[in-house]
Amino acid sequence: MADPQLAAGAGHVDDRWDLAAERSRLLYEARDVVAVELAESAAFLAGLAPDRFASVAYRARPGRPFVQPRGGVPDLAQQRLLTQALDAAGADFLPLTVDSVTRHNDYAEAARLLEVGRREGRDLLNGYPLVCHGVEATRGLYEGIARPVSLRHGTPDARLLVEVALASGIAEIEGGGLSYTLPYSKNFPLDRALSHWQYVDRLCAQVGPTDRPVHRESFGPLTATLVPPVITIAVQVCELVLAAEQGVRSFAVSFGQSGNLEQDLATADVLRDQSHRWLAHLGLGPVELRLVYHQWMGAFPVEPELAWQLIAVASTISALVAADKVVIKTPSEALGIPSPESNARSVRAVQYVLDMLAAPSVLRSDAVSAEADLIGQEVDSVLGRVFDHPSASLVAAVHRAVLDGTLDVPFAPHEANAGRLVCGRSADRRIRIVTPGAVPIGAAQLRRERELFEGTAPDDRPLWERLLHDVRMLA
Amino acid sequence: MPDCLPGFEPLAGPVRPGVVLGVIGHDIHVVANRILEIGLSETGMRPYNLGTSNTIDDFVDAAAETGARAVLVSSLNGEGEVACAGAGDRFDAAGLGHVLRYAGGNLVVGSRPTAEVERVFLGYGFHRVFHQSVSFAPVFAALRADLLQAADG
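So the sequences go chain by chain: L and C. Residue numbers for the first sequence follow the numbering used here, so the first one is 1 and each next one is one higher. Residue numbers for the second sequence follow the numbering used here, so the first one is 1001 and each next one is one higher.
Be aware that a few hints might be false.
Stated by the list, open to error - Pairs of lysine to any residue residues, derived as SDA-like cross-links and limited to a Cα-Cα distance of at most 20 Å, are as follows:
hint : chain 1 : residue 1 : chain 2 : residue 2
1    : L       : Lys186    : L       : Leu113
2    : L       : Lys186    : C       : Asp1058
3    : L       : Lys186    : C       : Leu1050
4    : L       : Lys186    : L       : Ala392
5    : L       : Lys186    : L       : Leu357
6    : L       : Lys186    : L       : Asp388
7    : L       : Lys186    : C       : His1029
8    : L       : Lys186    : C       : His1127
9    : L       : Lys186    : C       : Ala1141
10   : L       : Lys186    : L       : Ala418
11   : L       : Lys186    : C       : Gly1078
12   : L       : Lys186    : C       : Ala1085
13   : L       : Lys186    : L       : Ile337
14   : L       : Lys186    : L       : Gly144
15   : L       : Lys186    : C       : Arg1112
16   : L       : Lys186    : L       : Asp51
17   : L       : Lys186    : C       : Gly1051
18   : L       : Lys186    : C       : Ala1083
19   : L       : Lys186    : L       : Asp404
20   : L       : Lys186    : C       : Glu1118
21   : L       : Lys186    : L       : His104
22   : L       : Lys186    : L       : Phe44
23   : L       : Lys186    : C       : Phe1008
24   : L       : Lys186    : C       : Tyr1048
25   : L       : Lys186    : C       : Asn1049
26   : L       : Lys186    : L       : Ala416
27   : L       : Lys186    : C       : His1026
28   : L       : Lys186    : C       : Ala1032
29   : L       : Lys186    : C       : Ala1115
Keep in mind the hints are simulated off the structure, nothing from the lab. Everything numeric in this text was worked out from a predicted model, so none of it was measured.
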């Protein structure tokens, strides 16, 4: 059973800290950077049309996944053009991708690069510097637009960024203390990141209207490099329950295309099942739970004809797992940041594929069930270790689980990440655990993983060569 | 971690040779760095991995602290050209001139002839340069040959 300190019954919300006090301090300290009034977000969101809320859109899924491209450019007018192009192309959700200088909270440097870029007529930032542009300008981006906007970033301390986003009418916030720290930062202290994301979660929970809550989404692909399903699912469930504990009532778990259809089908099954199970087990919720699928996040082929095939297969899988939303790629992925035209073409192409696959029932087979059983047992073991530990709080339990290597993200650059879990790819392209490090995988499951890794077609290349080959598997 | 591959049995002596590796500059490209660490273990070395975001002095310090016999400096985003300048002198100044120094990755910004890039980095005091090498195999082979030669000499 869960520690009674961790969960005090259904509908329980963490009452050990005070958001209002922290908000006042944060916004006061940031007063020279950006102006956000304390009561402004709630008032603006209350007056915002329902079709701008992801949580509302998700309640009426149209028999296929919603389609969301990626996109963010530094210049305000260019971002408006991109937004209009994606809206005209029929993107169901619109992206606002934030630049990496803002992600590291260096707003002065972002402002400087924005200004120099403007003077020299070129982009020196790789996304939209939301904090520099501020609330009024960003609201203007979405005038006349009747679609939800999704904030995409990669920020360990996203408090100010999310304050500005919510006040600007962006009602879907991606990220989490694990998924936006371990893959994105070398040394931002993990305990601080987790506590800053509690702020974000609580803020999202409190500023939205009750019938149109601000939607939160986690980032399952992590490093997108040989991350086994058990780690993706464990991280997703951790961020789900941490958000639910702060009062979030609309949340999407997500994962990325693994390279094997059956493993993706199994991952989707287990991810949904474990999410519901742990919310109930910890006495949290109710949460409107959604599933998001990311098209291939690894290295893309340069040839457009191959890239289109990859996008089509990824779109198909998103339909077969009955994802609520698919985050898409463009054929220029291998070449750099896509043009608005390339992005718009991709939106139409993905919808073209999805319309061929209208409302399929989730595909299952013996092979998928066997894979799902194995992954499910592994997740039971890992999350059992995380949450059965007698920690003072859920967030402390999650923090400890990273430090002791229970949660270990392959290829994550963060210094707190153990980096001892090693995975490989079997001949049928499933991701398999080779060396578990400190991740508590049971002996039977580990034996099975290794059989499946070596069993199909013995490969006597050294591990380093197989890993290097894998990184460019579909490129 | 698997044991050594055939042909890469530990070199003479009670311990495997230590090798410091890491990525230089504000560069978060960590995937190849991790694979290189695994490959060093598999080829009979004892890797000390500094991970990302290092300066040349971090490599000097690590070589001093671990008694490593070689350092592998990677740059994937091209910051290496600036960050690696004077590397040989820093090792000499620390009394570590004998430590083997390799540089590899995408060592400069933009596309420049490999021969030119090699000249620049040899001038910085590196013993071998692997600019845009498609495999680690030549690195492992060279490292073994150089360490054997150093042991003979």
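Outcome of the hint check:
1. L:Lys186 x L:Leu113: 23 Å, violated
2. L:Lys186 x C:Asp1058: 15 Å, holds
3. L:Lys186 x C:Leu1050: 11 Å, holds
4. L:Lys186 x L:Ala392: 27 Å, violated
5. L:Lys186 x L:Leu357: 42 Å, violated
6. L:Lys186 x L:Asp388: Between Lys186 (chain L) and Asp388 (chain L) the Cα gap is close to 29 Å, so the pair fails against 20 Å, i.e. violated.
7. L:Lys186 x C:His1029: 11 Å, holds
8. L:Lys186 x C:His1127: Between Lys186 (chain L) and His1127 (chain C) the Cα gap is close to 29 Å, so the pair fails against 20 Å, i.e. violated.
9. L:Lys186 x C:Ala1141: 31 Å, violated
10. L:Lys186 x L:Ala418: Given pair Lys186 (chain L), Ala418 (chain L) holds - Cα atoms ~12 Å apart, limit 20 Å.
11. L:Lys186 x C:Gly1078: Judged against 20 Å, a Cα distance of about 19 Å means the pair holds.
12. L:Lys186 x C:Ala1085: Roughly 24 Å between the alpha carbons, so the hint for Lys186 (chain L) and Ala1085 (chain C) is violated.
13. L:Lys186 x L:Ile337: Violated, at roughly 24 Å.
14. L:Lys186 x L:Gly144: 40 Å, violated
15. L:Lys186 x C:Arg1112: Not OK: Lys186 (chain L) and Arg1112 (chain C) at ~30 Å, beyond 20 Å, violated.
16. L:Lys186 x L:Asp51: 38 Å, violated
17. L:Lys186 x C:Gly1051: Roughly 9 Å separates the two Cα atoms, so the pair holds.
18. L:Lys186 x C:Ala1083: 19 Å, holds
19. L:Lys186 x L:Asp404: 17 Å, holds
20. L:Lys186 x C:Glu1118: 29 Å, violated
21. L:Lys186 x L:His104: 11 Å, holds
22. L:Lys186 x L:Phe44: 36 Å, violated
23. L:Lys186 x C:Phe1008: Violated, because 32 Å separates the two Cα atoms, which is more than 20 Å.
24. L:Lys186 x C:Tyr1048: 17 Å, holds
25. L:Lys186 x C:Asn1049: 14 Å, holds
26. L:Lys186 x L:Ala416: 8 Å, holds
27. L:Lys186 x C:His1026: 10 Å, holds
28. L:Lys186 x C:Ala1032: 16 Å, holds
29. L:Lys186 x C:Ala1115: With a Cα-Cα distance of about 33 Å, the restraint between Lys186 (chain L) and Ala1115 (chain C) is violated, given a limit of 20 Å.
Checked against the numbered hints above, the structure breaks hints 1, 4, 5, 6, 8, 9, 12, 13, 14, 15, 16, 20, 22, 23, 29 and satisfies the rest.
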